[in-house]
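Protein chains in written order, with the working numbering: chain A, 1 to 1187; chain B, 1188 to 1326.
Have a look at the derived ranges for each label pair, beta carbon to beta carbon: (1) A/551 x B/1239: 50 to 56 Å; (2) B/1295 x A/690: 52 to 58 Å; (3) A/761 x B/1324: 54 to 60 Å; (4) A/789 x B/1208: 50 to 56 Å; (5) B/1226 x A/884: 22 to 28 Å; (6) A/1183 x B/1208: 49 to 55 Å; (7) B/1300 x A/526: 26 to 32 Å; (8) B/1300 x A/852: 18 to 24 Å; (9) B/1292 x A/685: 47 to 53 Å; (10) B/1292 x A/761: 18 to 24 Å; (11) A/956 x B/1195: 41 to 47 Å; (12) B/1226 x A/956: 29 to 35 Å.
Simulated from the structure, these hints should not be mistaken for lab results. Backbone N, C-alpha and C define an ideal beta-carbon position, used for all residues, glycine too.
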Amino acid sequence: MSAPGYTNPNPSVNNYGSSSTQNGGGAASCQNGPGQTYPAMHPSSGYYNSAPPQTYPTMTGHGAAQTGKVPVSSTDYSGNYYPNSSGPSPHPAAPGTHPPAHHYATANSPVSGAPLQHPVQSYQQATSYGVQAGYYGQQYNHPSQVHPPQQQPSLVPASSGNNLGAPLYPIVSYPSAPGSSQYGTLRSSQTAAGPPPVSTVMPLPPTQNSSQQFPQGNGATPTPAHAGYGAPPFSQTATVNGQSNAVQQHYEQNLHNPMSHHYSGAPPGSEAPNMERAPSGTPGTSVHSSPQHHPGLLYGDRRLNSAVSSVPGDHSSSSSDHEEEDEEDEEAGGDSSSTTTGSASPVPNSYESLEGGSYPDISGPPAAVPTKQQAPPFGYNYPTMHPAYQQNPAPRPDPSPSHGGYSQPGYQPYSQPFPSLTELSSALGGLSGAPELEMETLRPVNLLQERNILPPKRTPPPEPNLSSDLRKVNCSPDTFRCTLTSIPQTQALLNKARLPLGLLLHPFRDLTLPVITSNTIVRCRSCRTYINPFVSFLDQRRWKCNLCYRVNDVPEEFMYNPVTRSYGEPHKRPEVQNSTVEFIASSDYMLRPPQPAVYLFVLDVSHNAVESGYLNVFCQSLLDSLDKLPGDTRTRIGFVTFDSTIHFYNLQEGLSQPQMLVVSDIEDVFLPTHDSLLVNLKESKELVKDLLNSLPGMFAHTRETQSALGPALQAAYKLMSPTGGRVSVFQTQLATVGAGHLQSREDPNLRSSTKNVQHLGPATDFYKKLALDCSGQQIGVDLFLLSSLYSDLATLACVSKYSAGSVFYYPSFHHHHNPAQRQKFHKDLQRYLARKIGFEAVMRIRCTKGLSIHTFHGNFFVRSTDLLSLANVNPDSGFAVQMSIEESLADTSLVCFQAALLYTSSKGKRRIRVHTLCLPVVSQLNDVFAGADVQAISCLLANMAIDRSISSGLSDARDALVNAVVDCLAAYRANGSNIQPSGLIAPAALRLFPLYVLALLKQKALRTGTSTRLDERVFAMCEFKSQPLHQITRMVHPDLYRIDNMTEQGALHLNDSVIPQPPLLQLTAEKLTREGAFLMDCGSVMYLWVGKCCHETFVRDVLGYPNYASIPVNMTEIPELQTMYSERTRAFLSWLLESRTFTPAFHVVKDDASVKSSFFQHLVEDRTESAFSYYEFLLHVQQQMSK
Amino acid sequence: MEAAVFILSLVDCCALIFLSVYFIITLSDLECDYINARACCSKLNKWIIPEIIGQALATVLMLVSMHWFVFILNLPVAAWNIYRYTKVPMGNMGVYDPTEIHNRGQLKSHMKEAMIKLGFHLLCFFIYLYSMILALIND
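With the rest of the complex left out, here is chain B (with noise of 0.2 Å):
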């Protein structure tokens, strides 16, 4: 059971970690200019619904299977996402918004989150690897 909810986890986790990368390689990608802001706000606002409910998936599972330190550890993050979402003035196109991006370093910014999110998928990755094998021992 245990076992089946880290590999649960860790799968979902996996999709994280791509999402993470591919909004990174997304971004970077506007910021060299290979892009234009339209089609890279468009693209990465079609994962943003995505993103939540992988996050919200893994911070449910850890709860049902009462795993408090982990699920401590995902909440934040979760709240984040959501939080984002819902903030997103009326008239803006989604989370991402080609005609603000270029502005008040809000590129950066998002670069920045990405990578944060990237660097706590990894690290998270590897407490679902971690747990799953000591779960599948224990077995």
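So here's chain A without its partners, still in its complex pose (with noise of 0.2 Å):
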């Protein structure tokens, strides 16, 4: 599969293979080096900015949407890339890009010129040539026979300027192809240590790649293209795991990595994953010694490359795979940190040699001299890593909506371990780019006067401020994100801003990282920091802390790199490359041994339930999902039904049909047995689908109308107190019961009241000691409520609130009457068995000394100060947190937050997972203003303003969001003393604040005067406190579209499909036009608003009805047509869904239909009843400040 993607036709993809190539041919003398390298320098170059992610993605075949920008971002590459050429090599340049760039410039140049060159030139640079090309021709060997037709073809290509890469393909290849050999022991290694699914694909392409270029080293016509292609499939596979996971993929796929070096011909790159992975690829070590043998002067070449590339390689290695099973990943991490070979001794000598002059190019730059520490390390670790590399530049490409531009997670490693945080600090300044920047996002926007505010696309994350080398390994953004990306030194400057200071993470969330098993955990011994990317190597044997500053020694186990199979580099380790790990904890990380998955379903079988038939979908699905449930051989389940009475299932291997037991004494609840209701799913399952099946068809004639939840869940939780686990919950009416029985609070004709809303909070404590008791136990409990009727979900959802559980709601489900609920009740639920969860889990957020944590918000228990218990953790929940700055930050330039989770894997393995966020400390009010994050600024203020509406009101909530905005602007009003006194200001940073904080103010959750019933209100409230950013920002601002005439201007290629890109439209009925169809995507819901007049070719060929009037009133999916037009919608739509874990209901509008009002009432710059418009809104908060 992904050699098609390869070979095929982008110019860009060509162009990258060749950049990578060229890396490779000017390494020649590099011979990994420079393929490595040459990944390395994108990132470093820092030339992109953004294109260069956008590029590797596009490299990566897989990313179907990435391909379309790949292209243009990679000429520019290539652009850059010569004008370095041009300039002396600045190799040394460990932490600047720049040098890494310059040295593969160099090997491009002649590239360009022509590839007959590169040896050439190779040969100039590295004496050593000959024997590296020795060694290629070793590796060659393997290439060879697997890809020999390939080779010719790509001599083809190499004439076009793309090509440029072809002429060092050959050489390219041929440090690939010792890579590949190299890997291809790795990867066989690694496979066995089971890398995901995805991890397998991935090495498919590569493989072909590999060939392609081993044809090239053999001396064979080197095929530009094919090369270059080659050389991209890395890249591709990197993107693909990058799309979804940005730097954290990385880790992973440096794992994979290996398995793809060994195949891809990206012989840098490739082998700079097995370098880094080279845990997992003792293999990697036989290919290693070779490169060790090289003389000097190659290694310097290496050393050059490696300072350049070897930071990204580890990183993008990762980047490649997906993770899927976590527990084989772990296990190829074991094993690469147990394989140890001793080539790592010698490398180093031959660096320093190197060092000395063999390299020209590393004499270069000034920069040298402080990298020179470093340096020697990466030259010798540079073989391996830099295929690694190349690959980590690929992940950051994805192009998918929710993304940001994010940071090349891979390329710091070099620069950081050594400086310490003052030498980093003084790096900021040198960025070209962030004056720019800065200026851009300080621009003064007249909010009255701009009428067109929204970007045309969904805007990226701000970046911080920092050198790219940390910008590069920082943590991703859709991961660990600040209000501020420039942290005020003080809380008078804070202050001052008047914006929320706090932290938005969503820990646990799908994707792929390194994982790493050693017997010590190397942590700070006075804040039990995780050693990690920011922290600063004194010498080889000390770190210093970047929490609190104190200083550690490097344990002896430390000293060994697993990736690299070498010694003495400590800044070397895959901790300290990425800043997303996970460890495979020892016994000290247990309290008890691991717990087995356990899955509790405690079910509502009253009349109104079974009226609304819930129970039928719900069987379905989870008969479905039975071999889905994560778990292992331990895995136990138990059924609990309820209505005033609780029905045990007696389960025990060896019946020949489920027992029910009945427990009809509710106000003492008691186990009937205490052994045979939770089973082993795997011995009884039978006897779990009997039950299934038989389960709905029980209680059809019940006439009892009671719910005895209470006692239920009192039951459950005797039932569970044992083991911990997994309580699901499915409730249809108020509990009427029992202990914790509700009266109804809501006063229906108060729903629409402009005045206070009442009962937002909850009616008893009952649920929330239930929770506590839960959560003590390690037992989560997720609710799902599907009422029409009022249920108080503000006491119920206590008991999901505080044991880490999460909420779900169906609003009048009925599986008849609302088709589109009974839909997304079977995708939610497909999601949710079949979903990632982790055990008797806790999380501990730190930051550095000086800042602390005053408010959390999500789903947990606040165990002690900083310390979250989380009895179960799914990949679907956010949360926030709220700082603010106790001392001074003032001897500090950088400020680092780290978030450690530890939990119980479904398989039964103790894993800590660590993120860490680096962020620039400021000391101008214009620079806190310049690094503001609106999105998360608004998703920060929305919990703060539901903490506040549950505490004191909820007018009191909305006036103080309002108060927010007007005091921001007007702080910065009062801070720019260059601004025209009329009009609203906004720093360009923040022009959407007043947008989102007007669409707050009109979300169900804190709307007034609308009519809003409670439970859906408190639901909505549910959702801000627990979802991810991603999620909140498409539900306050839904994104919309117009979809009806969509053109390929613009539009994203990935694979061969073709996706759209239609511009963002504001959220105003202005906008719509009778003739036009509009795509709106809430996030959780999208709605396709079909206007009157739509051309009837869109109605025909996209809804495949003849006209507008037969379109049904309760369409609720599109149908898959065989028309362009089709086709291109599904595709944008699927697209726009490629990123999201739950499908999101689909409704089609038209203008005679009920969900109309739905519709409208998402567009939130337009006036409703009790609701300023936009407009209105900004003259009301001009108004404010000027009192």
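Take the two lone chains, each set in its own frame, and fit them into one complex as the hints suggest.
Structure representation (structure tokens):
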């Protein structure tokens, strides 16, 4: 699969490949190094900024969407390259991206000139070339066998500009070839390790690539195009991972990469991954050894390359693979670590000698001096490392809507380890891009005059103003985001800016990341921070904690780097190369043996429940997903049903059919039997299936209308408390009997009151206490409420809120009357049952000394000041925290935040997932505004407003929201002396702030004056508290596109599909026309509004109906028609859905449909009966400011 | 008679001082992570009512013995204690709620409150002691 992609046609791709190859070629001397460096260079060069990442993605054949972008970026890239080449080679600049670029550049330029030349150049550079060649030759053998035919084709492309890389290829191929050979071995081992399925996919393309490369290496006419393509595959793989995971993926990619490397022609790149993965790639050792043997010159090259690329490589490598099976990955990681070869020691020596001068380029930049220490290690690592780097860059590219321009993960490694924080800070200033960036984000915008304020595309999150090294290694904004990407120095400065300071986390989201197994997990001795990329190494033996500044010893075990199989390079360890890593924890991290996965389903079977028909849907979904439930052989499952009594089911293996045991004493619940209510899923699967098949029929004629939810939950607690696990509660009405019974508190007449809304808080502490008990026993409770009547969600939700569960609400669910809701329930269940889960988890958030967390938002129990207790953790929940600055941060230029999540995987392994985010500290108010992340700010404000509305009333909370805008804009006005006095001025970074706040005020959770049912309001509040940021952003401010006239202009080309990119429209009815069809994407629901006069071809080709009138009222999906329009529309839709875990409900809205009102209520810029339009809101804000 | 009133107040005051110290110790345990929020709150919530009673007793004693100055001094504290108890939202587990104590600086404000009360009770302690000695001498 991948092969075609590579070969493919995209010039950009070719470029990429070529570039990589070039590196390789340049490297020729460089060997692995060059190729590897290449990728690294991209990031490091920073020319691209956003562009480079894109290119990478494009490279990846997999990422369907990305390809389109790639070409452009790639061309840019090449352009950059050349210039660089002209310049001296700044190899040494470990930190700076530039040096690597130069290096490459030289390589590239020759390439561009003519492929043939490359070898020459390479010779010049590296005296050792001959040796290398030999090396390559060996490698070649493997590849050549594989793909001889491909080589020839590649020749043709060489002529093209893109092909420039091709000449290089030969060289490149060499490196790769060796790498591949090494990898091959590694790969086998790795595969054995069991990288996720993704990895397996990846390898195939690489192999093809490698084969191509090999031919080149042989000296056969190097096919530039092919070679280039071959290189791309790497990137592609990377991208694949990268799309979803961005940085984090790198890690896993690394693991996978080794495999891919083997195959892949991208010699350098491939090698790099191997290196990193070295752990996994024991086999790699053999390869490494060979590089080591190379003459010093070679090393020098490598070292240069390594300096450039090494960093990226580490990161990149991880990106390629999707992580599916953690355990497998873990094991792989473990293997890698375990494997050690002595190869490392020789390398360093060579490296040093190389440094001495074998390499001309090296001498170049001054930057080299500081890096020197680092450099040696790098060079030495390089051969292996490089490949990884290449891959790393690739991952970044994904164009998926949610992703911002994320920095490439891979790079920084080199600079990081050595420089102290202060050094890093000094490096910050050096960013040429930064000032411009700041200027742009600070550009004053007159909100009253700027009508079209919405950017045509989803804006990426702002990037922290860090040096490119740090930026590359920094945590993905999808995982970890701060409201201010520049942290103010003091609380006083923060107060001046009037912006909230907080973090938004999505720590357990699905991603691929490096998994590390080692006996000692290195942590700071005083604050227990995990070692991370932002610590500074004082020397080989000591590191300084970046949170508390304590100097710690580097343990002996940490000196050995399993990835590169080398000794004495603690800064090259994966922990120090990746800001997102996962450790396999030892027994020190367990209070008891890891629990098995235990699932209990508590089902309402009262008359109301049976009437709604949810049991059928549930039983069917569970039957379908029974094999997908995460777990191992110990997985246990149980069922409890209740109406006014509680029914248990004995599913003990050996019974001919399930036995129902009824407990009618709901005042004092007891368990009828102790051992057979929760049974091993494997052993009793037949009985479980029996039960699920018969359950819907068993209560079909029930007349019981009472609901004893409280006692049922108590029973569930008793049943689960010995083990812990997950309880899924399905409730369809108000709990009416037994402990925890509730009364209806809602007065329907007050639903649209503009005054304060009552009863947002719980009515009793029964559910809260129960939740805390559950939390203490590691039981998470997930609540599914399917009710058309008031069920007091405000009270019930407590049971999930404090036990770290999730809440699902399906208002007016009915299996027959409400097919859209039924469909959504079904799809949600599919995801819910199969999604990853972590048990008995705790999360700790640490931050640099001087900062402190004072408020937490999300579903969990705060056990101590910074420890969140999560009985269950799921990949779909987000968290937010608010922080204050307790001590001045004047003596530091960077602050870091670390979230460490310790959990038991469904396979019974104790794991620690660590995310580290690094941000700069600023002392100027303008810098604070420039770094403001308006989406994160709005999301945090929403959380704060919800807290406030529960504690002191809705109107209070609404006022506070408006004041937040007023205060912030007033602070900006007071600060800016150069701003015209009239109008409502906002910095460009915050220009969407008033719009988002207005949208917040119109949300179900916070609106007044519009009829809103209490349960729906409370559910919306729960969503705000527990959803990750990207989901909330879409909820608050949906994306509106016109899709009846989508063209291919600016479309993304992914794989073989074309994804049109219609511009975002403002949320106002003004943008709607009767002739059009508009898609509104609200995150968990999508509306397709079809205008009355919509073109008939659209109605016919996309919706499948002859004309507007014949479109049914409750249409909930788009048919798969074989027309161009339909394919384009569906491609666009599936691209939007790509990064989402839950499938949104879909409604086709006609003007006369009942869903019309819910569509129009999302047009937040328009005036409603009780709320301002956007322009009125701005005037209101202006008026408030002038008071 | 007067001496008896003050002796009683003194005993009551001692109890309140011990209670304040207990609050402070428990809260600082929580701050240092020696106990978890759940345990801390259930410990402290138990003593909310006794604290109200103790404070009310001292206030009433001063009222009946017509020591207006000391009464006025005690009244706001007693009123605050009662107010705090009555304004607890329905869904909360008491004045100290384990799910909220770590939020919005509640722990700090509880700590501050306990400190102020300790100071107040110490002041009262010396007033009572002085008044008691004075009363005994006068007898």
